[in-house]
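Heads up: the sequence lines are chains E and X, in that order. If you're matching positions, the first sequence starts at 1 in the working numbering and goes up one per residue. If you're matching positions, the second sequence starts at 1 in the working numbering and goes up one per residue.
Quick caveat, the hints were computed from the structure, so don't treat them as lab data. Given the structure is predicted, the values throughout are model-derived calculations rather than measurements. It is possible that some hints are incorrect.
Stated by the list, open to error - Distance windows between CB atoms, simulated:
(1) Glu141/X <-> Ile58/E: 25 to 33 Å
(2) Leu228/X <-> Arg51/E: 41 to 49 Å
(3) Ile58/E <-> Asp184/X: 33 to 41 Å
(4) Asp50/E <-> Glu93/X: 51 to 59 Å
As the list claims (entries may be wrong) - Within a straight-line C-alpha distance of at most 20 Å, the following computed EDC-like cross-link-like pairs (lysine to aspartate or glutamate) qualify:
(5) Lys307/E <-> Asp510/X
(6) Lys423/X <-> Glu408/X
(7) Lys465/X <-> Asp476/X
(8) Lys465/X <-> Asp489/X
(9) Lys144/E <-> Asp522/X
(10) Lys50/X <-> Glu255/E
(11) Lys144/E <-> Asp489/X
(12) Lys359/X <-> Glu229/X
(13) Lys56/X <-> Glu229/X
(14) Lys116/X <-> Asp153/X
(15) Lys360/X <-> Glu229/X
(16) Lys43/X <-> Glu142/E
(17) Lys307/E <-> Asp489/X
(18) Lys259/X <-> Glu552/X
(19) Lys45/X <-> Asp213/E
(20) Lys337/X <-> Glu408/X
(21) Lys122/X <-> Glu93/X
(22) Lys122/X <-> Asp91/X
(23) Lys196/X <-> Asp349/X
(24) Lys217/E <-> Glu142/E
(25) Lys5/X <-> Glu142/E
(26) Lys122/X <-> Glu87/X
(27) Lys156/X <-> Asp146/X
(28) Lys259/X <-> Asp4/X
Cβ coordinates follow ideal geometry from the N, Cα and C atoms, glycine included.
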Amino acid sequence: MSLFASRDNLGRSGVTSRLGLVPVPLVLSVIALACVGFAALYSAASGDWDRWAHQQAIRFAIGFVGMLVVACLDLKWIFRLAYPFWFFCIVLLLIVEISGVIGMGAQRWISLGFINLQPSDLMKVATVLALARYYHGLQGNEPKHLKSLFIPAVMTIVPVALIVVQPDLGTGLMIVMVAAAMVFLGGAPWWLFAGGLAALGAIVPAAFHFLHDYQKKRVLTFLNPENDPLGAGYHITQSKIAIGSGGFSGKGYMEGSQAHLNFLPEKHTDFIFTLWAEEWGFVGGMALLLLFSFIFFQGYRIGMRAKTTFGRLLALGLITNYAIYIIINIGMVTGMMPVVGEPLPLISYGGTVMISTLFAFGLMMCVAVNRNATLPRS
Amino acid sequence: MSSDKDQVLSFTRRALVMGGVKGALMLTLVGRLGYLQLAQSDKFKTLADKNRINLKLLAPVRGIIYDRNGQGLAVNEQDFRVQVTPEQTDDLEASLQTLSRVLPLRPQEIQSVLTKARQQAKFLPIEIIDNLSWEQLAAIEVNMPDLAGISIDEGKRRYYPHGPATAHVVGYVGSVAKQDQNGDPVLALPGFRVGKTGLEKAFEVDLRGSAGNSRIEVNVSGRMIRELERENGKPGENMSLTIDLDLQKKVQEFLAREKSASAVVMDAHTGAVYALASSPSFDPNLFTTGISHDAWTTLNTDETLPLNNKAVGGVYPPGSTFKMVTSMAGLEANVIKEDTKVFCPGHYDVGNHRFHCWKKGGHGTVDLTQALAQSCDTFYYSISRDIGIDRIAAMAKRLGLGEALGLELPEERKGTVPTQAWKEKTLGKKWDGGETVVASIGQGYLQTTPLQLATMVSRLVNGGKAVRPWMVAKLDGIDVGLQRQRWPDIGLPADHVARVRAGMEAVVNDERGTAHQYAIKDEARAFAGKTGTAQVRRITEQQRIEGMVPQEDQPWKYRHQGLFVGYAPKDNPRYVACVVVEHAGGSGPAASITRDILSTIQDMRVGDQPVRMPAPVPAPVPEKEKES
Chain E
1 MSLFASRDNL
11 GRSGVTSRLG
21 LVPVPLVLSV
31 IALACVGFAA
41 LYSAASGDWD
51 RWAHQQAIRF
61 AIGFVGMLVV
71 ACLDLKWIFR
81 LAYPFWFFCI
91 VLLLIVEISG
101 VIGMGAQRWI
111 SLGFINLQPS
121 DLMKVATVLA
131 LARYYHGLQG
141 NEPKHLKSLF
151 IPAVMTIVPV
161 ALIVVQPDLG
171 TGLMIVMVAA
181 AMVFLGGAPW
191 WLFAGGLAAL
201 GAIVPAAFHF
211 LHDYQKKRVL
221 TFLNPENDPL
231 GAGYHITQSK
241 IAIGSGGFSG
251 KGYMEGSQAH
261 LNFLPEKHTD
271 FIFTLWAEEW
281 GFVGGMALLL
291 LFSFIFFQGY
301 RIGMRAKTTF
311 GRLLALGLIT
321 NYAIYIIINI
331 GMVTGMMPVV
341 GEPLPLISYG
351 GTVMISTLFA
361 FGLMMCVAVN
371 RNATLPRS
Chain X
1 MSSDKDQVLS
11 FTRRALVMGG
21 VKGALMLTLV
31 GRLGYLQLAQ
41 SDKFKTLADK
51 NRINLKLLAP
61 VRGIIYDRNG
71 QGLAVNEQDF
81 RVQVTPEQTD
91 DLEASLQTLS
101 RVLPLRPQEI
111 QSVLTKARQQ
121 AKFLPIEIID
131 NLSWEQLAAI
141 EVNMPDLAGI
151 SIDEGKRRYY
161 PHGPATAHVV
171 GYVGSVAKQD
181 QNGDPVLALP
191 GFRVGKTGLE
201 KAFEVDLRGS
211 AGNSRIEVNV
221 SGRMIRELER
231 ENGKPGENMS
241 LTIDLDLQKK
251 VQEFLAREKS
261 ASAVVMDAHT
271 GAVYALASSP
281 SFDPNLFTTG
291 ISHDAWTTLN
301 TDETLPLNNK
311 AVGGVYPPGS
321 TFKMVTSMAG
331 LEANVIKEDT
341 KVFCPGHYDV
351 GNHRFHCWKK
361 GGHGTVDLTQ
371 ALAQSCDTFY
381 YSISRDIGID
391 RIAAMAKRLG
401 LGEALGLELP
411 EERKGTVPTQ
421 AWKEKTLGKK
431 WDGGETVVAS
441 IGQGYLQTTP
451 LQLATMVSRL
461 VNGGKAVRPW
471 MVAKLDGIDV
481 GLQRQRWPDI
491 GLPADHVARV
501 RAGMEAVVND
511 ERGTAHQYAI
521 KDEARAFAGK
531 TGTAQVRRIT
541 EQQRIEGMVP
551 QEDQPWKYRH
561 QGLFVGYAPK
571 DNPRYVACVV
581 VEHAGGSGPA
591 ASITRDILST
601 IQDMRVGDQP
611 VRMPAPVPAP
621 VPEKEKES
């Protein structure tokens, strides 16, 4: 069996015709986002292309080809590889964990030469894949049964536990959120989520007690950044100053004083939205938010039009994962959420996120390309 | 397949709920962006500017003080400082060691630079030594290629080219003390100097000018990126004095013949001060760079008080120079008549108290002219109580004694002219008739400054105009001196003045006069005046009987003060001088110096030319701030 879907499945022939089914608006949106990223990185380096933008462009080029390849895969293969991929990522997490224990300090990545791969980023995609695969196998009222929650719980708790001990609470929480969204979409009872939210309200204060000191500090600083303007609150305060001082139309490209005089920390990674909003103002910020919204819409459209549960859950899970990234990052740099250290995918400088995000978009497009494909129940 | 349909329906419903949640969250972000960038934008713009903009004060250039001929008395000199920027050298200590081969540095100087380098940002230069000589500067410049991180900085430093000769007039500047702080931010600049004495203090606000500022953009570590805006301050105002530097130097030389002396030379008609000197003097330049503790102690503990301006701040009993006041009061009270003559046996008795004339054997019979010429005390003793202290005091005040005359120096003192009311108020005792007798010859409670005595003579010889001494002629190009040349009349009858002046002429030009030996022989340049000798200690009856210890054998501190007031030319008075020689033992040295001063000033014809201020030099375009 060919890796790419066979002629009879599609009714048309070859890889070229599959490429023709790739949703063009989504591809263009991804390119647009990446270009925003290049422009912002060029500015963050004060007009130096080589510092960050060059490397970012190379990674994007590689990832973009990879995305199109994944888009043209037969969904069946992805369906079959969902569980193995999840296990593969768990192994990667264990490798990172063990190498940390052996004495290389807290390390979250595996060097692949051209990028340092963070398994926790891939794990998000893997969890979505595994949960979509699991719910695809349930029939009738099965999703509403409590026992159906057991496997999804294992699929979520194992990687989250491994990630939280890294320690990377932010990524762990993001996987929990994505998993909860998948379980919800999969058909778990409504009361579970109402009850879950209520329980969360009760547990959070208790959980706070068990956080690492630096994590506690982040939360406290978030609640009142001006209390500690030169310490942990400094980043949030300076970021808010940068965004606010951008005003309606911004200070102009490469003219952001907060960014270029280094008042803004991490301006090429987590705080790249701040740089963008400082230089392009409310107009630029809104344009970017609209572009994100358009991408969300594309993801939903693909999910709603897919004929299989696996396809539907996969597309919506991945777009939800992406949306969580965006909302958390922008929420963080505008001072609405604690500093969790999550990047803005496709725009922030960074290899793993770029690759894992493009991989996710490739999977989404694959669902679109294979929207009429059927899959076995198990 | 119906369960499949249900599943799709359920999925669609739940997907819409999720989409709604996402949409709500995105709207929240839009709201937040709007809040920060639209509603709160102004606040954050201000905060961003506060972050990036530092205000740097630019010290104004201090005003220059010129003499009447445009010679600089207080100027600003280029000051070269050698400094090191730690980030420009790999090894700060090695750089300093290399520098010390060219410019010897003490170990503690190197240490203090190293300490500073640890405390501040690496790109900020640290001053090593200031006030470099040209030789040092050249040596450093030549070796610059080997001196990593070392640079030369240029600033302005106050400099007094004539040092001690003008120290008491001009004063000096020093570091800003707590009491100098008045909210002007320029005072907080490192190395800023303010006037501490003399004109530098009196005209501090005018001389200082106002600071400019430079708005510079800095990055997060405070390093300057560029200058955004510069506002040059207003330089201090220049001023021209009525002082003639050449005369001033001569006067200072004459005074230096004695251990401690002071002099005031002024114009009898205008009140313009041509020279004002106090000796010994000091070098005011010591104070601009910070005087050493030893030098300060030496200046402060010297019994001749070199730091004090004795010409305006030294108070002395006027002694016999006061006899003009008593004479004028006596004439006005009609106690001294046309034919008043007094027999002087060498003493005068009031009740059972005997007042001695300075001349042991007495002067015989003297009239007013000879009483002044020979300085007969008995003449004044005998008329004093008929005039009364209050009329004597009133005359003294009309002539300018007992009050601060308003010369532009903060060190001026007002002295004392006693009256009955004054004694009751300050001492709580009734006036004693004997005290009038003592006051008539300028002793007792009377305290005067050389400046007051010069003013007194000026008013006497200028036709009774109430001149006041002044010396700032031009300030910032405005003739501030002009308005000071119309003086009110104090109503001295011309015939009274003529009789007193006849006595003063006789003091110098009559063979019997007390200053006859100092006369200028040239009739056209001859001067007149009055000697004065003031006791520091009371002479007891015992001492008079046993014979007095000659003045030169007594300790310096106990010798008499020697005074002389004079004017020239005697027939057409123009210049007035007062000289006080502290503890001279007699008035001779003061008379000698006055003669030399009046002779010199008549040769120089000081005051013939109006006060000149040099044309302002166009301010150099400020050098663009060096990017550090």
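The hints, checked one at a time:
no., hint, in the structure
1, Glu141/X <-> Ile58/E: 25 to 33 Å, "violated (51 Å)"
2, Leu228/X <-> Arg51/E: 41 to 49 Å, "violated (27 Å)"
3, Ile58/E <-> Asp184/X: 33 to 41 Å, "violated (59 Å)"
4, Asp50/E <-> Glu93/X: 51 to 59 Å, "violated (37 Å)"
5, Lys307/E <-> Asp510/X, "violated (139 Å)"
6, Lys423/X <-> Glu408/X, "violated (30 Å)"
7, Lys465/X <-> Asp476/X, "violated (29 Å)"
8, Lys465/X <-> Asp489/X, "holds (5 Å)"
9, Lys144/E <-> Asp522/X, "violated (135 Å)"
10, Lys50/X <-> Glu255/E, "holds (16 Å)"
11, Lys144/E <-> Asp489/X, "violated (118 Å)"
12, Lys359/X <-> Glu229/X, "violated (78 Å)"
13, Lys56/X <-> Glu229/X, "holds (10 Å)"
14, Lys116/X <-> Asp153/X, "holds (18 Å)"
15, Lys360/X <-> Glu229/X, "violated (81 Å)"
16, Lys43/X <-> Glu142/E, "violated (56 Å)"
17, Lys307/E <-> Asp489/X, "violated (119 Å)"
18, Lys259/X <-> Glu552/X, "holds (13 Å)"
19, Lys45/X <-> Asp213/E, "violated (34 Å)"
20, Lys337/X <-> Glu408/X, "violated (40 Å)"
21, Lys122/X <-> Glu93/X, "holds (14 Å)"
22, Lys122/X <-> Asp91/X, "holds (12 Å)"
23, Lys196/X <-> Asp349/X, "violated (51 Å)"
24, Lys217/E <-> Glu142/E, "violated (43 Å)"
25, Lys5/X <-> Glu142/E, "holds (14 Å)"
26, Lys122/X <-> Glu87/X, "holds (5 Å)"
27, Lys156/X <-> Asp146/X, "violated (27 Å)"
28, Lys259/X <-> Asp4/X, "violated (123 Å)"
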